[in-house]
Structures are given as structure tokens and as C-alpha cells.
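Colleague: Listed below, chain by chain, are the residues.
There are 2 protein chains.
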Amino acid sequence: MELNFEKAGGLLPAVIQESGTGKVLMLGFMNAEALKKILETGFATFYSRSRERLWVKGESSGHVLKVRDVLVDCDLDTLLIVAEQVGPGTCHNGYHSCFYRRIRGEDLVEAEEPAFDPAKVYGSTSTSSTSPDPGKQQARNRGGNGDA
Amino acid sequence: MELNFEKAGGLLPAVIQESGTGKVLMLGFMNAEALKKILETGFATFYSRSRERLWVKGESSGHVLKVRDVLVDCDLDTLLIVAEQVGPGTCHNGYHSCFYRRIRGEDLVEAEEPAFDPAKVYGSTSTSSTSPDPGKQQARNRGGNGDA
Numbered sequence: 006m007e008l009n010f011e012k013a014g015g016l017l018p019a020v021i022q023e024s025g026t027g028k029v030l031m032l033g034f035m036n037a038e039a040l041k042k043i044l045e046t047g048f049a050t051f052y053s054r055s056r057e058r059l060w061v062k063g064e065s066s067g068h069v070l071k072v073r074d075v076l077v078d079c080d081l082d083t084l085l086i087v088a089e090q091v092g093p094g095t096c097h098n099g100y101h102s103c104f105y106r107r108i109r110g111e112d113l114v115e116a117e118e119p120a121f122d123p124a125k126v127y128g129s130t131s132t133s134s135t136s137p138d139p140g141k142q143q144a145r146n147r148g149g150n151g152d153a
Numbered sequence: 006m007e008l009n010f011e012k013a014g015g016l017l018p019a020v021i022q023e024s025g026t027g028k029v030l031m032l033g034f035m036n037a038e039a040l041k042k043i044l045e046t047g048f049a050t051f052y053s054r055s056r057e058r059l060w061v062k063g064e065s066s067g068h069v070l071k072v073r074d075v076l077v078d079c080d081l082d083t084l085l086i087v088a089e090q091v092g093p094g095t096c097h098n099g100y101h102s103c104f105y106r107r108i109r110g111e112d113l114v115e116a117e118e119p120a121f122d123p124a125k126v127y128g129s130t131s132t133s134s135t136s137p138d139p140g141k142q143q144a145r146n147r148g149g150n151g152d153a
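Line by line, the protein sequences give chains H and B. All letters in the first sequence, in the order written, are residues 6 to 153 by the working numbering. All letters in the second sequence, in the order written, are residues 6 to 153 by the working numbering.
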């Protein structure tokens, strides 16, 4: 098995599809180490370009993705991960899927209802109740593709 | 609507999901022009990095993708295109989906049956019956993510 990690600078795009519903939840990037981790642990793991380290989806929120199947495309440069969503949703903005908006003319309109309150989920690890909330702020700063 | 085309050098990854079945068919890349074309024509159109031009999926094979919905992720840097697959499949290797193999240990194993004979589909435009078949060769050389 020789995946083409070089084509995209060491990182392959990985589509996450929910098992059962078939819903596309997010897209992340994986290096060889992240893929190895997935196959070992069974939890979706990505490489964060901004933080320059591996991160396990759900490491802050508990909304992990249990991997059920790993597929590869014809060019060996894209992954399709079928996974079970633990918890109400993938997106750090509080939706089931990161693709919660559709294009309508020049506008974006909501394509699904919010699934949870991100302030409660990402604020729950904070040890301080004063404002500003450093735990919440940290989760916010991470941003990106359910990167929490 | 401000998509983040700059993040990935002017190109956004676009996941293609089949309407009805929910099957993930392929992943391609789109620049702003390709997205404009999709919204105008209703047919999935990508930017080919190797050929440095727009290409309409199915322009050789006739296996076009009729776009039914265009969704955007939370970071505005990934597209999810829901489309109707015209013809038996997306993949230039003769499968319904480009993700026709799964990882099993160190190996790749077939995850679905072939849907059509690529030699017949991509060879049918050739004006010569002698070998080598220039039409087929051209289709082969294109390669990549159902790039035909």
C-alpha cells in the first residue's frame, strides 16, 4: 500500500462520512503518522497545520469519531473515513456537520438546525468562571473543521 | 459570501456526494471560476492542476454530474457538492466511486464491484482501431479522480 502523501506536501485530504446516515461531517488533513494512529486506536486523528501537531477529533469536546472503515481513492491521494459520531455533532460551531450551510445565489443559508451549544461544550473544561473564559477562548482559537 | 480560496493557493477541495444514495464519489479541486461555472451550468466542473484548465466531469465519458446542492463548511474552505451521477460511475478506473478500495492491514482490498469497462468508455471516442489507441491513451494520461 503506497499512498501518495507527497502530492499535497505530506498531507492527504480525508473526508469524514458518518456511518449509518451517510452524512458528510467534515474534511481534515492527515499525514502518515495520523493515519497510523487511526489504524492503531480507531479514533479519527488529524494533522493540524496551524498547531503543527496531531489532534484527536473530540479531544476537547468528547465528540470523538470512532472509525469503522478507511477507504482510498483511485489516485491514492485522498482518504474516505467512515466513522460513528459520538455526541451530538462534529462542528465546533454547534452543528452535526461542518457543512451546515448551502449556497443560494450570493448568500449562504442554514441547511440544518444547530445540534448543541458550543459555549457549553467547549466552556465546560474551564477552571474559571470569570470572564474572559480561558478554556472557551482556547477552544475558539483552535477553530477550523470541527477542530476541537 | 466570501469563500477562503486563498488558504489552499486558490483552490478549494470539493467532496462529491451522490444524491439519493449518499455515496461519496470523488474529491476534486475548484477555483472561483469553476464554482461560478457550476452555479451557472449545473454540471460539476473542476480545475485540473496538471492541465491548468477547467474540466467538466464527464466531458470524455459522458458520465457527467448534475449538481443538486452546494454546501460550504464552517471555515469556508471546503465544498460539498451533492450531485446526480449520469451513467454507471464516476471513476476513470471503471467503478461507481473513486473510493473503491479499503485499507486492510498493509493491503488495499476492493470495496465494490467494477461498474463499467473503462476501455470501452474512454476508447469509444477514438477514430482509429489500431493499437495503440490514441483516444484511450489520452483518457489514460489524464488520470486522476475520475478526471475524464
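Honestly, the hints are just simulated from the structure, not real lab data. Note that this is a predicted model, so its numbers are computed, not measured. Check the hints yourself; a few may be wrong.
The list treats identical chains as one, so a pair stands whether inside a single copy or across any two.
Pairs of lysine-lysine, DSBU-like flavour, derived with a Cα cap of 35 Å [as the list claims (entries may be wrong)]:
| hint | residue 1 | residue 2 |
| --- | --- | --- |
| 1 | 42 | 71 |
| 2 | 125 | 41 |
| 3 | 42 | 28 |
| 4 | 71 | 125 |
| 5 | 125 | 42 |
| 6 | 125 | 12 |
Colleague: Indicate, hint by hint, whether the structure satisfies it.
Modeller: Hint by hint, here is what the structure shows:
no., hint, result
1, 42 x 71, "within (12 Å within a copy, 37 Å between copies)"
2, 125 x 41, "within (32 Å within a copy, 38 Å between copies)"
3, 42 x 28, "both (24 Å within a copy, 26 Å between copies)"
4, 71 x 125, "within (23 Å within a copy, 40 Å between copies)"
5, 125 x 42, "within (29 Å within a copy, 41 Å between copies)"
6, 125 x 12, "between (40 Å within a copy, 30 Å between copies)"
When the structure is compared with the earlier hints, no violation turns up for any of them.
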